[in-house]
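**Q** Sequence:
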Amino acid sequence: MAQTDMPLAELLIHLEKLAQQSLGLWDMPPNARARLINVSENATYLVEADGGWKAVLRIHREAYHTRRAIECELAWIAALKASRAVVTPESRAGKDGEVIQVGRIDSLEKPRFMVLFEFVEGTQPDEAGDLEGPFEELGEIAARTHEHSKSWRRPENFERLVWNVETIYGARTNWGDWRDAPGVTPEIAAVLERVEARVRARLEAFGAGPDRYGLIHADMRLANLLRDENGTRLIDFDDCGFGWFLYDFAAGISFMEDDPRIPALKAAWVRGYEKVRRLSAAEKAEIDTFVMLRRMALLAWIGSHIEAPEPQALAPDFARVSAELGEAWLGAR
Numbered sequence: 001m002a003q004t005d006m007p008l009a010e011l012l013i014h015l016e017k018l019a020q021q022s023l024g025l026w027d028m029p030p031n032a033r034a035r036l037i038n039v040s041e042n043a044t045y046l047v048e049a050d051g052g053w054k055a056v057l058r059i060h061r062e063a064y065h066t067r068r069a070i071e072c073e074l075a076w077i078a079a080l081k082a083s084r085a086v087v088t089p090e091s092r093a094g095k096d097g098e099v100i101q102v103g104r105i106d107s108l109e110k111p112r113f114m115v116l117f118e119f120v121e122g123t124q125p126d127e128a129g130d131l132e133g134p135f136e137e138l139g140e141i142a143a144r145t146h147e148h149s150k151s152w153r154r155p156e157n158f159e160r161l162v163w164n165v166e167t168i169y170g171a172r173t174n175w176g177d178w179r180d181a182p183g184v185t186p187e188i189a190a191v192l193e194r195v196e197a198r199v200r201a202r203l204e205a206f207g208a209g210p211d212r213y214g215l216i217h218a219d220m221r222l223a224n225l226l227r228d229e230n231g232t233r234l235i236d237f238d239d240c241g242f243g244w245f246l247y248d249f250a251a252g253i254s255f256m257e258d259d260p261r262i263p264a265l266k267a268a269w270v271r272g273y274e275k276v277r278r279l280s281a282a283e284k285a286e287i288d289t290f291v292m293l294r295r296m297a298l299l300a301w302i303g304s305h306i307e308a309p310e311p312q313a314l315a316p317d318f319a320r321v322s323a324e325l326g327e328a329w330l331g332a333r
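Residue 333, in my numbering, is where the sequence shown stops; the numbers in between run on with no holes.
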């Protein structure tokens, strides 16, 4: 999670102190307190006060995004909301009028960027339940964001991550080299080398024209959908950037690519997507290529984030299952 040699447990102690001391940067009840609810790329806190007041504070990972990149993320969120393409929580400006705040404490060498979002009610879909309905909805939401991406006039000097072959497999990756992940034995590496070569070849042939590549959410998982009686909200645009539109389906099944329901969920996602935007036969034929691209990106993510609880829990079998999925995909091709 952090670009630091500090152990995660120690880092979280300092980040909690930073969170509590920084609440005064925004107008909020004087008795507000922050409670950690998630740690991954960033540390996310639920901020609560008497009377049911709530907000969500995101403290950014060191050196993952520049201030300009965060500004661009928030600009796209605002544009999506204004166009009613999706419903997503708004960010709250601080007392100085700035949405991005900078927090500093003596025990952390460098300051951290922070953003406060409105709290919205809702629950994420249950992965153990019937997921075809949620995935159909997810496909429709993805298509609306892609249509907006194609037509939106982005601000000048627009800066976001890129999710393509080079930033996943190349020398300057977003999440590191999959070969360095836990459990990548020589036998597993041999399979995944073949997978990488095949993915590279297929996506070079597929191309990155504006009809299939643009600004994407890049982490459109069920965990980032909140549903209640008022509808569905899409949250967490922290990884949004430039990539293939179909990468959003692959991100949608992150960590569950070996689930036997995946073919049905893929069909449901495509049904939802095509309510808004048609997919060509060539695009449908490459969906599983993007699944393998994303799976190997996640393998690299586990290796480069192994100090956090979720990667630690996933690590024991992830490389082995990735190779099994790769063998099946290569065989199907």
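Treat the hints with caution; some may be incorrect.
What the hints assert, rightly or not - The calculated lysine-lysine pairs, modelled on BS3-like cross-linking and capped at a C-alpha distance of 30 angstroms, are:
| no. | residue 1 | residue 2 |
| --- | --- | --- |
| 1 | Lys95 | Lys81 |
| 2 | Lys266 | Lys81 |
| 3 | Lys17 | Lys150 |
| 4 | Lys110 | Lys54 |
| 5 | Lys81 | Lys54 |
| 6 | Lys95 | Lys54 |
| 7 | Lys284 | Lys266 |
| 8 | Lys284 | Lys150 |
| 9 | Lys150 | Lys266 |
| 10 | Lys284 | Lys81 |
| 11 | Lys275 | Lys54 |
| 12 | Lys150 | Lys81 |
| 13 | Lys54 | Lys150 |
| 14 | Lys95 | Lys150 |
| 15 | Lys95 | Lys110 |
| 16 | Lys150 | Lys110 |
What the hints assert, rightly or not - Computed Cβ-Cβ distance ranges for the label pairs, DEER-style:
| no. | residue 1 | residue 2 | range |
| --- | --- | --- | --- |
| 17 | Gln20 | Ala313 | 25 to 33 angstroms |
| 18 | Lys95 | Glu166 | 24 to 32 angstroms |
| 19 | Val87 | Glu187 | 26 to 34 angstroms |
| 20 | Ile287 | Val87 | 19 to 27 angstroms |
| 21 | Arg198 | Arg33 | 46 to 54 angstroms |
| 22 | Lys150 | Ala205 | 50 to 58 angstroms |
| 23 | Ala208 | Arg320 | 25 to 33 angstroms |
| 24 | Glu193 | Glu90 | 40 to 48 angstroms |
| 25 | Glu193 | Pro30 | 23 to 31 angstroms |
| 26 | Ala9 | Glu132 | 16 to 24 angstroms |
| 27 | Ile287 | Arg172 | 36 to 44 angstroms |
| 28 | Asp50 | Gly133 | 17 to 25 angstroms |
| 29 | Gly24 | Arg198 | 35 to 43 angstroms |
| 30 | Pro30 | Glu307 | 48 to 56 angstroms |
Source of the hints: derived by calculation from the structure; they are not laboratory data.
Just so it is clear, the structure is predicted and the values come from calculations on it, not from any experiment.
In this text, a Cβ means the ideal position worked out from N, Cα and C, and glycines have one as well.
**Q** Now tell me, hint by hint, if it's right for this structure.
**A** These are the hints, each one checked on the structure:
Straight-line distance between C-alpha atoms of Lys95 and Lys81 comes to about 23 angstroms, which keeps the hinted pair within the 30 angstroms bound. Using a Cα cut-off of 30 angstroms, the hinted pair Lys266 and Lys81 holds, with the two alpha carbons roughly 26 angstroms apart. Between Lys17 and Lys150 the alpha-carbon distance is near 42 angstroms, which puts this suggested pair outside the 30 angstroms criterion. For the given pair, Lys110 sits about 28 angstroms from Lys54 by alpha-carbon distance, which is consistent with the 30 angstroms threshold.
A threshold of 30 angstroms between alpha carbons decides the hint, and for Lys81 with Lys54 the separation of about 21 angstroms falls inside it, so the pair holds. For the hint pairing Lys95 with Lys54, the CA-to-CA distance comes to about 17 angstroms; that is within 30 angstroms, so the pair holds. With a C-alpha separation of about 10 angstroms, the suggested pair Lys284 and Lys266 falls inside the 30 angstroms cut-off, and the hint holds. Of the pairs offered as hints, the one joining Lys284 and Lys150 holds, with about 19 angstroms between alpha carbons and a cut-off of 30 angstroms not exceeded.
Taking the CA atoms of Lys150 and Lys266, the gap is near 23 angstroms; set against the 30 angstroms cutoff, the hint holds. Of the supplied pair hints, the one linking Lys284 and Lys81 holds, its CA atoms being roughly 28 angstroms apart against a limit of 30 angstroms. For the given pair, Lys275 sits about 35 angstroms from Lys54 by alpha-carbon distance, which is inconsistent with the 30 angstroms threshold. Taking the CA atoms of Lys150 and Lys81, the gap is about 16 angstroms. The hint holds against a cut of 30 angstroms.
With a C-alpha separation of about 35 angstroms, the suggested pairing of Lys54 with Lys150 is violated against the 30 angstroms cut-off. The suggested pairing of Lys95 with Lys150 is violated, with an alpha-carbon distance near 35 angstroms, which exceeds 30 angstroms. For the given pair, Lys95 sits about 22 angstroms from Lys110 by alpha-carbon distance, which is consistent with the 30 angstroms threshold. For the proposed pair Lys150 and Lys110, the alpha carbon gap of about 37 angstroms is over 30 angstroms, so the pair is violated.
Separation of Gln20 from Ala313 is about 28 angstroms and conforms to the stated range, judged on CB atoms against 25 to 33 angstroms. Checked against the given bound of 24 to 32 angstroms, the beta carbons of Lys95 and Glu166, roughly 42 angstroms apart, lie outside it. The beta-carbon spacing between Val87 and Glu187, approximately 46 angstroms, falls outside the hinted interval of 26 to 34 angstroms. Taken as a hint, the range 19 to 27 angstroms holds for the pair Ile287 and Val87, whose Cβ atoms sit roughly 26 angstroms apart.
As the Cβ distance of Arg198 to Arg33 is approximately 51 angstroms, the hint placing it in 46 to 54 angstroms holds. Between Lys150 and Ala205 the CB atoms are about 22 angstroms apart, so this pair departs from the stated range of 50 to 58 angstroms. Look at Ala208 against Arg320: about 32 angstroms separates their beta carbons, and that is inside 25 to 33 angstroms. Between Glu193 and Glu90, the C-beta spacing of about 45 angstroms keeps the proposed range 40 to 48 angstroms intact.
Remark: the range hint 23 to 31 angstroms for Glu193 to Pro30 is contradicted by a beta-carbon distance near 58 angstroms. A C-beta distance of roughly 40 angstroms is found between Ala9 and Glu132, which places it outside the suggested range of 16 to 24 angstroms. Checked against the hint of 36 to 44 angstroms, the C-beta distance between Ile287 and Arg172 comes to roughly 27 angstroms, which is inconsistent with it. Between Asp50 and Gly133 the Cβ separation comes to about 37 angstroms, which falls outside the hinted range of 17 to 25 angstroms.
Remark: the range hint 35 to 43 angstroms for Gly24 to Arg198 is contradicted by a beta-carbon distance near 54 angstroms. Between Pro30 and Glu307 the CB atoms are about 35 angstroms apart, so this pair departs from the stated range of 48 to 56 angstroms.
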